[in-house]
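Number of protein chains: 2
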Amino acid sequence: MHGGKRMGAGQPTIFSIAERAGVSIASVSRVLNGVGARRDTVERVERAAAELGYVPNAVARSLKGGRTRQLTFAMPDIGNPVYVAMVRAIQAVTKAAGYRLLLHSTDAVVEDELAVLRSLGDRTSDGLIICPIRITDAHVEALRTAAGPVVVIGSLPDGVPVDSVRADSVAGAALAVRHLHETGRRRIAFVNGPSDTVPGGNRDAGYRAALDDCGLVYDPDLVVHTDFGIESGAEATDRLLAARPDAVFCANDQLALGAARALHARGLRIPEDVAVAGMDDSVLAQAGWPPLTSVDLGSTERGRRAADLLLRRLDTPEAATPSSTTAPPRLVVRASTGPAATDS
Amino acid sequence: MHGGKRMGAGQPTIFSIAERAGVSIASVSRVLNGVGARRDTVERVERAAAELGYVPNAVARSLKGGRTRQLTFAMPDIGNPVYVAMVRAIQAVTKAAGYRLLLHSTDAVVEDELAVLRSLGDRTSDGLIICPIRITDAHVEALRTAAGPVVVIGSLPDGVPVDSVRADSVAGAALAVRHLHETGRRRIAFVNGPSDTVPGGNRDAGYRAALDDCGLVYDPDLVVHTDFGIESGAEATDRLLAARPDAVFCANDQLALGAARALHARGLRIPEDVAVAGMDDSVLAQAGWPPLTSVDLGSTERGRRAADLLLRRLDTPEAATPSSTTAPPRLVVRASTGPAATDS
DNA sequence: CCGCTTTCTGTAAACGTTTCCCGGAACTGG
DNA sequence: CCAGTTCCGGGAAACGTTTACAGAAAGCGG
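The listed protein sequences correspond, in order, to chains A and B.
For the record, in the first sequence the residue sitting at position 299 is 1404 according to my numbering, with numbers rising by one throughout.
For the record, in the second sequence the residue sitting at position 191 is 1296 according to my numbering, with numbers rising by one throughout.
The set of hints was computed from the structure by calculation and includes no laboratory data.
C-beta: ideal position from N, C-alpha, C; glycine also.
Misleading hints may appear alongside valid ones.
Using C-beta positions, here's what the derived DEER-type ranges look like [as the list claims (entries may be wrong)]: (1) A:1417 - B:1137: 45 to 51 Å; (2) A:1417 - B:1438: 50 to 56 Å; (3) A:1437 - B:1428: 45 to 51 Å; (4) B:1443 - A:1291: 32 to 38 Å; (5) A:1214 - B:1151: 25 to 31 Å; (6) A:1266 - B:1134: 31 to 37 Å; (7) A:1444 - B:1197: 45 to 51 Å; (8) A:1169 - B:1157: 19 to 25 Å.
Produce the complete structure using the sequences and hints provided.
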């Protein structure tokens, strides 16, 4: 005649098990969590649990324990392979540590990003990795007052007390431009992402610096800002052709794929007539023809590190001072920047 | 001198608010949920909540309410644009209905899919949309005993009492093959996905049926099974070239992109020497050159419908008998299946 | 000024766990 | 057979909400 509590039909709970096994709920909980118990008790409880098809209620468990064993990753665009690479890297780490990963696609909308940051307070997940494309004052404020551990993938102003993992897209862009210069290109066009984003700004800086290095002058007619995406890359490149570039450097692989399509459509050969280079070295770099030269900004590496940092932060909440590491860029040369045609 | 309860420093709770506002927790809850209260009370509570930066604990709320306002979508591969399209479609519907969407990438691993199905029992989300690539007996059993509403995107054996939304890939594959035949191709190779999957089997059936229709004979040398992915498509196509096909039909756009790359690498022209067609009509169809003819299997539509069904099921758990709808395929013709070279 | 109705508010229980703290059972050794 | 240990198991509290219930306050007409 054990326990009162409700006895409804719904999902089995530890009460149903306790009743069926003829023990208390405390014993059920202990057995299910592998805490010592008498042989006999263990067996009865386990049998009852199996027969009822018991699954522990994660919500109740979280409420009691104060942790959900869930982490969140918020990225700008789930359709961009670069973030998919990060997801995989993060997933691998968090899964091994026994955490479930929740994915969030913010479409780079500031309001959405802030909402994610604030939602840390609702205790739905134990920590957050976020990859914002712009950093506003509101972001800084939200990061400062976040209700749980956060790791940022991207560049943060100094003084924000949050772990971050950065890409060096200034150096990365320069790498690509110098490579194009070395293969003999002199009119290097640049299809960049939105200019008011952190990566957009950095890539622009890298582009300009490298031009300088190479003794080339910055020509506004060779530069276009657009949003990321294959179509945008194609349109932008089409417009740029008026300025007769001998190379098109794109701020990511999607843009570069679009650029290649536009060039093909005009009957121009890659790389003989125009060279093309992208960034991110995502799966897309090897999707089209010719395979694209691209700058690997270490997305996988950044994802992995971010996840490691987050886990560390979960272990020792206020211990270490915020760390900030930068993944080095790496140029991957493929056919799209091969030698130019010797004639002309 | 209100309430006892704990008073720690942690996150603010309705207790902190109650104390600060000098009212009971019941009043706090009521005000926060917009239930009637006296002018004065409302103001005091709202001010206290704002000052403390209160965020309701979603876990506690879920425990009490028995629902999480979260739904799960489990897909085989987060890197495949077709599932990204589904995510977007599902997201749009669920977000509008006030649900958060959790994403899960199963890598088409049966164990993982079953785990997701079983995890419905842990009450972490209120419902599940799952897209399995194979259906084993274990799947059927798990679906039958699922602890919450499930909608399957994909084909299910008869008699499984679960809502489903199907693609007609038999008809879809036939559409593509007949189109290739109409453009004069007679040696139509087929790069298919794994043969032990439902889509794999169906596409094979469609391919064979269409060959029959067109009076062509099935030639095993023209058919390859591989896994999905650009690299696999390239390798498979390379092998197929020994059989001198004049068209390559691929079971999805990733394979088709790989096929195109392999053909380019051999110096073959598309479509003059070999035509290429894909399936899914994902963003990748327009990523390379030439743009790919592809069969739209209605991924967006299927995602939308699946979400609608799930929401309906959440409203009226046991009402309607399980529904099963099929999205019609649609052939999208692009340059990759243009006319063959007239010589040769 | 009294009793009635109508608001409003506070107490307490419940959601399903985990875990602290005892009391009792089972051993051990003398 | 008894005292001392050790081990197990049960009762109850707690996690942060929502909500049924009942009591207090306030408004009202007579």
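Going down the list of hints, with the structure as the test:
1. A:1417 - B:1137: 45 to 51 Å: Violated, at about 35 Å.
2. A:1417 - B:1438: 50 to 56 Å: holds, 54 Å
3. A:1437 - B:1428: 45 to 51 Å: For residue 1428 (chain B) against residue 1437 (chain A), whose Cβ atoms are near 49 Å apart, the range 45 to 51 Å holds.
4. B:1443 - A:1291: 32 to 38 Å: Given about 36 Å between the Cβ atoms, the range holds.
5. A:1214 - B:1151: 25 to 31 Å: Given about 27 Å between the Cβ atoms, the range holds.
6. A:1266 - B:1134: 31 to 37 Å: With a Cβ separation near 33 Å, residue 1266 (chain A) and residue 1134 (chain B) satisfy 31 to 37 Å, so the hint holds.
7. A:1444 - B:1197: 45 to 51 Å: holds, 47 Å
8. A:1169 - B:1157: 19 to 25 Å: holds, 23 Å
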